[in-house]
Structures are given as structure tokens and as C-alpha cells.
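As given, the protein sequences belong to chains A and B, one line each in that order. First residue of the first sequence: 4, per our numbering; consecutive thereafter. First residue of the second sequence: 4, per our numbering; consecutive thereafter.
Do not take every clue at face value.
One copy or any two copies: either way a pair holds, since identical chains are not told apart in the list.
[Claimed, not checked] Straight-line alpha carbon distances no greater than 27 Å define the calculated BS3-like cross-link-like pairs of lysine-lysine that follow: (1) Lys86 x Lys56; (2) Lys56 x Lys199; (3) Lys287 x Lys323; (4) Lys56 x Lys37; (5) Lys37 x Lys225.
Just so you know, these hints were derived from the structure itself, not from any lab. Predicted model, so just to flag it, every value in this text is computed and none were measured.
2 protein chains.
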Amino acid sequence: MTTKRNIYLQMKSLEAARRILFETFRERLTLPVKTVSVYDAVGRVLATPVSAKLSSPAFHVAAMDGIAVSAAVTFGAAETAPKQLTIGVEAMYVNTGHAMPRGTDAVIMIEHVNELEEGQVEIQAPAYPWQYVRRVGEDIVAGEQLFPRHHRITPYCIGALLAAGVGRVPVKRRPHVILIPTGSELIDWETAADGKMQPGQVIEANTHVLGNLVAANGGTYKRHPNVDDTVAGIRQAVEASVAADCDMILLTGGSSAGSEDYTRSVIEALGRVLVHGVTMMPGKPLLIGEIAGKPVFGMPGYPVSAILAFEQFVGPLLLKVQGLPEQTREQVTVMPARKIASRLGVEEFLRVKLGTVGERIIATPLGRGAGAITTLTEADGIIRIPSQVEGIDAFAPVQAELLRSPEAISQTVVAVGSHDNTLDVLADLVRGAHPVIRFSSSHVGSMGGLMAIRKDACHVAGSHLLDETDGTYNRSYIHKYLPGIPVRQVLSLIHI
Amino acid sequence: MTTKRNIYLQMKSLEAARRILFETFRERLTLPVKTVSVYDAVGRVLATPVSAKLSSPAFHVAAMDGIAVSAAVTFGAAETAPKQLTIGVEAMYVNTGHAMPRGTDAVIMIEHVNELEEGQVEIQAPAYPWQYVRRVGEDIVAGEQLFPRHHRITPYCIGALLAAGVGRVPVKRRPHVILIPTGSELIDWETAADGKMQPGQVIEANTHVLGNLVAANGGTYKRHPNVDDTVAGIRQAVEASVAADCDMILLTGGSSAGSEDYTRSVIEALGRVLVHGVTMMPGKPLLIGEIAGKPVFGMPGYPVSAILAFEQFVGPLLLKVQGLPEQTREQVTVMPARKIASRLGVEEFLRVKLGTVGERIIATPLGRGAGAITTLTEADGIIRIPSQVEGIDAFAPVQAELLRSPEAISQTVVAVGSHDNTLDVLADLVRGAHPVIRFSSSHVGSMGGLMAIRKDACHVAGSHLLDETDGTYNRSYIHKYLPGIPVRQVLSLIHI
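This is chain A alone, in the form it adopts within the complex (with noise of 0.2 Å):
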């Protein structure tokens, strides 16, 4: 057994390690350029400006149903001095959208045409020049600049496109990741599904979360099968990802000091270490490194870890290198429920729940460890405490980043108390009846709950509270933020 042990002698704050990784990365990762059919271009992004082929309108088109006219013909018109105009001669009969005739310059609607014998119609009033006519041009003009380059294409710009008539668009091609998770307790979940897992065997599933952020981030991805936990099989498995067509490679670790060892001993025999240790939490064990001009990420083993450091690093970098700006959170102001203590000289990521009780967004503090993962499922928000700051106080308000939207957050019924499964199934109830309701609950215990009722915190408390009360309070609450469930039927549920 080794105990030579890894120690931070350099950790880096959050921004260091930042300022590290993109200036020396920004410049040097170049995506080539690819064509793509505008029919599969959404969410790609354009790696040169695009220009119009066409115009749109690509002729003079009428914009109303009725007769198309020069105007010079119909001036003097009036209710008293009605014109005659003879069809096929002096006026043509269109639709919107057909192109004008030649010769003509203005569209009398259809309802202001009288209709004579065959033939000829009456007109009363005159047209002026390029009435109801949509004019070559009008929306794009050939050879103008559609998009800048690094513009990223919507729904909406397939519209425009096509219409400018271009079919093809130049994008960058997207960064591919390749993951490869490291660890000899990692096995598939269709092992474990089988009953077959053993003590200390864990289901590999950052690799699968991961590459799920870096495909939200613009990216592509490649899971490399499990590699054990050995310098020799580490290193070979990074070999032949670098050799291979990617951008970056990520190395999700086991959490243990041992495993970081190994993927900073091969980091270090084939590139360099740029950065070992971030004074973030979760997320502090990241490492990252450079392996012939590549970013190499030596993701921390904790799930919860694992994406908080993707999000400050690995996807910010995926999207420098398209172009695209880093993606930021709303944030709101929000209370916390309680008071909370953090580490000096560590950024705090605290996952809370929120929910609006009154004027006010209360904030919950999930669990703090970086292994529940839930602690970033069930999460709303997250506030970040700064690291000269020693914690927060109950009901100072801070800022917090959303993970949901406001709306989301405004319409969320907030149970505080012990645990209760059968809240569970109040949630699955309630958002089988209103999708637009969620509902949310923490798992402080009883006291907690009943914190939260003094405090005015919370809409619904735990099922013990409810029995000490006799419900009256909650039942408004409930009332109010669960319309067209029966009050009864949400209470005995509770009380199960």
C-alpha cells in the first residue's frame, strides 16, 4: 500500500485557474471548418459571416388579394369620377405573394373593385406608387451580410437563410471530447442491475453525465471502455485518446489521493500540469494538464464535483473555442432559511432549494458532500459563497444562480420538515395534475419544520407538524397553492 500522498502545494483560486486554463488554450484550439445543409444547421455555429445569394422578396410581389395596376393609371379616381380599367390591359387580377406584372406598380385590394360586365372592373379611389406591393429586397437585399461570424443559428435564421437563398452554410465543426473513466470499482449499471455488484463496486455514471454537458455545450463526445486504476493502463488509455481525432480529453477519476496520483504521473510523462487543486467546493481535486497542445482535465471523482468543475471549466472552454460566449446564470436575490458556515479561503458552491413564500424567495440548504448527487437534482439555485467569506446568515439576503426559471421557482409549493415518503408521492400527484406546480420538499427534521413555520419559510410542514398544529396553517397554504387537488385528499396524504 502507497502512502506517498498528492498535496496541493499550489492550489489556485477559481479565477487563477480560470485565467489559466483559457490563456492557454484560447488561441491554440481551432475547430476546423465544415459545411453543413441549413436543414441540419440549427445550433450550429458560423465560422465565417454568411451573405444573402437572393433577395427576399426576389421580385416585386403583391402584398394583398386584388388587381395589380400601375398608379400613374388610376390617379384622378375618385367616388365621384370612377375609372374604368380593362383586365388584361390595364389591370391584372394577383394574389398575395404572386410576383407584380410587368408594368404595374400598385395592388387595388379585391375590395374596392367593382366588377363590370367581362372584363372590366371600376375603380373610385386612386392607388399611390407601390401600394400593397412588397418590394424586391424589401427583407433581404442579395449580397448583404446575413450573420456575423460565431453567430450561433436559431429556428428563426433557417427562415432567413432560405429565404437569402443559401442552402449550405459554413460552421465550425463541433469540439469532440473524449472521456475516459479511470477506476477498478466502476462497473456498468446492467452488472448491478443484476445483482451482481459487489462491496465497493460503484456504477460508472460521470462519464455518462459529463458527456451530457459537453453536448449541451456545443460538443460532441466518446466514452473510452472503464480503465483500471493503473499508471500503465491510465496511461496507455490517454495515449491513444490524444493520438486519436479530439479536442480535449477528460480523465474522470476515482476519488480517492491514489487515482489523482496516477492521472497527474501520466499528465506529467507525456505534457505538463497546468493546474492541480482549484480552492473551490465541490470540485477542489481538479487537474488539468496539456498533452501535445491538448487540454487534458483530470475530472474530480465525486459526481457532484465532477460537474461543478465541467461547469467552470471544461464548458466554458468548449464554448470559447466555438466562438460563443460563456453561458450565465439569472440570478435573484433569495433568503436562506438558516444560517450557514463555509470554509475561509474555499468558494462555496451551496446548492439550496427556493420557493417564493410571500414577498419573499427562502432559500433551503441541500446537502453539502460532494458524492449526493441529488444535492444537484433536487437543487433550485446555487449561491456561491466567496472565499475570504466565513458563511451567511439566516435571512440576509445573497444572491443565488437559477437552475430553474423564475416562473418555475414562483409557482413551486415548499414543504419543510422531516422526510416523508409520502411527499414523494404528493409531488408525482400534483404534477400529474398541474404540470406547472412543483413540489418541493427539505429534509431538516421536525424542529426544522417548525423553524420554518416560525420564519414564515415555507408553505407546508412535515407530517409531525401537522398533527401538533392540527393543520390549520398549512391548510390555507395548501389551499392556495394546490387549487383543484380536494384539501382533504392532500392532507391525508400527508398524515399517512
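Dock chain B against chain A, hints included.
For chain B alone, coordinates are given in the frame of chain A:
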């Protein structure tokens, strides 16, 4: 030439039309359940609640590298009274993530362990029970509900599902939409690219735009080949589509009243018309019908009308049948750069450019024609002018729905003045050098630029104005907003 015209005898308000649509179909459209691999599940919607098959951790596991012990054995250890433990008997080496050996319930960090001769270690402090141990089910308990029905799966969720041993999930089949492009004037872009476009022909784009919007709302789509503008042709296409395995049918019609007639008469012949005409602009000529229980939409022909009608009706219905809440856009308070008149009785969707100038977000209206797709691709937001309002005043605060993030809008350089193609070149250069900075130019003529300067509603005035004002006013703004690009270069570009 027929003169029989559709008359919108019973135009519905946006609200009334939406109510009719949702009440008719929300309950009737049900999507079958499909089981998919967790690996492909991101973005899918759970059809039923999902519960954990395994606990996570599945066993007690070490949370630190060190030795696993029974806490009871360590009681009494102190600096003055160290305890010796025999490896393999009272103490077992473990790494983070290892299963706790049988009989142990605490981990002592390796840093606090003195290694003596072979097989012996010494500790100088006791361990408390469960110290540095992640206990079974700390994150997830087997059997507990992970997510309620109608939950949309995120990348984070994949981590929780796999950790809980869930490899396959029951999701709703995506709603499938068939899009039928109608109109004898339609051609594909390839035909236009060959220079074979005839006067009056139009490149078919609406089904591609709307199909991508279907996908953005969680659906799948298939395009029917272009259909000529005849009752027989449309009828045949609709009958075939209704018989096919789809949930919804969209006809993207010609924009003429004649083509609406055909669509309407086909829907009436095969089913019933629910709504014809909505008092919204653009979007008015929308047709909503029902054939064999399926919603059939006759979408307006103009691209902006088709998109806005989609976003008010088709998109929300797609979300509702999946059990998802309607998407709402973030709203901000903006100040229109000029007075805008609007028709009474019609809810107008005014496309605007937005930019932060000083403390204010200035909204510059784009063109109002429904045929101009660039009024949507260029737009940063939409101001909805209610039907009972005749217009909005210059610089009077109004709400705008955002089409881009507030971050993007705060980093937009606003240029107002006459159209100058070199501004497009500048926009591209800026985007190349600074992915986060957008350059947005509104083409309102030199007088509009002058007004914008007077009202402090722009950063950069049009090229003509620069000559007149010597560029002094604008130079400071350019300098502030385009760091890194030499001012001289920017000005010379604008001056070209």
C-alpha cells in the same frame, strides 16, 4: 378568377383562441409510454414516477484515504496515551470510495496514522462512530422516488438514475408532427440556386423553420412533399397525414386568402374548424381545426406570422401534451426609442432591438411587416402591445419579452442611423475579436440617428452623423464598448 373570400366573421382574441385549443385537446392527446436507455434520456419526459433500485452508496464506504477501524477500539487514544493497532486485524488500509471492511465503522485519515514496524500502526486520538464514512443510502435510499412523472430529464439526472441502478426509464413518446407545405409557388433552394427561379416563385422555408421549432418543443417532425394549391391536392395530403402515425398536422399555407379558403374547406370537409382568425398581428390568419381527434393547424403564410402563431398555439400545446409547463420568456422594462402607433382590437407583437445605453434599455422597433423574417432574426425582444391600446409613447417604460439573455443585451453595442453595409463588416470583426460583444445596428435613416444621439439612445451613430459631429460623441462610446479594437480602425470602418 374566384372572388369568394374568407371573412373572419368570428375572429377570436388570442386568449379565447388559446383556451379553445387547449380545452379541446389537452385531455384528448395522450402520448404512449416508451422505455429508453438512461444514456439517451436527456430531454425526455418521465411518463411515470421513477424510484431507486439501489441505494447510493450501496455499501458503507470510506470517505477518506486512511485506515478503517471499529471506533470502539480507538476510544481512549490520546497524544499521551497512543494506541497501537494491527493491520489486518484491528485496522485495514482503505482509499476513498472503498467499501468499509466488515466490523469497521470509522476511518482515520492517513495523515493521522503513524506507521510503526511491519503490520503495526499507532493513533493518538479516538475516532467517533461513522467518522469519514459515507453510509449506505446517504444520497439515495433504494425504493425512494427519484423523480415524479412529467419530470424532464437533465444531464444531472443521469447521474442520480445510474447511481440508483436505474438504466432504463419510462418516458412519453415525443409528439410527432407532420408538416404539409402548400402552395404552387414553392420551390426548394436547390432550384433557386441554379438560377432557375421564376417570378412569383418562393423558396419553401416555413416547414423547415416550424419543424425546428417542433423539435425545440420536444417533438419530432416529418415534412410532406410540397403540395400544389388545390383543394384536391391539399385534401389528399391531409387525409394521408391524419391516417399516418402522428399527433398533429401543420399546413403551412400560401399567404393569399385563396389558399386559406382551400385549407379551410378541407378541414371542414374532413372534420371541423375551431378557430379561424386571431386578433394578433402578425399571425391573424391562423386556422385551427380538428380531424379524427387530431389538431390540424392552417398556419399563416408569412414567415413571421407562422412563427408567432406557432409560439402562441402549437408550441404550448406540444408542451402541454407532454406534461410540461409552457415556456415563458424573461421580461425586462425597456424604453422605446420612438412613438409607435398600433391598431385597436389587435394584439401586436412588435419586434425590437435592445441595447443598454447608460442605465436604460433602449428598444428600437424593427420593421412590422410579417413577410420580413429578418425582423425576427435581428430582434432581441418582443413588445406586446395589447389590443385595447392604440400605441406606445417614446421613452415610456414598457415590458419586453427577451429573445436573448440580459447578459447578451448588456454587451450589445447599439448603432443607430442610415444603413451602411460596413456596419455589418464591423459586426463580424467585433464578433471575431470579442465573442461576448454583439454589434447591433438599426437602420432608421440619418434623422433617426440624430434623434437617437439627442435622446442618448445609442452608442454609435450612423456614418453620415460621424462626419457632421466629428465623431467625438461616438468615439468615447466605441472606446468603452469595443475594448481591444483600435478606435481608429473602428472609425475608419464606419467612415468607409
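A quick look at each hint next to the structure:
no. : hint            : in the structure
1   : Lys86 x Lys56   : neither (42 Å within a copy, 83 Å between copies)
2   : Lys56 x Lys199  : between (62 Å within a copy, 13 Å between copies)
3   : Lys287 x Lys323 : within (23 Å within a copy, 42 Å between copies)
4   : Lys56 x Lys37   : within (19 Å within a copy, 44 Å between copies)
5   : Lys37 x Lys225  : both (20 Å within a copy, 25 Å between copies)
Hint 1 from the list above is the single one not met by this structure.
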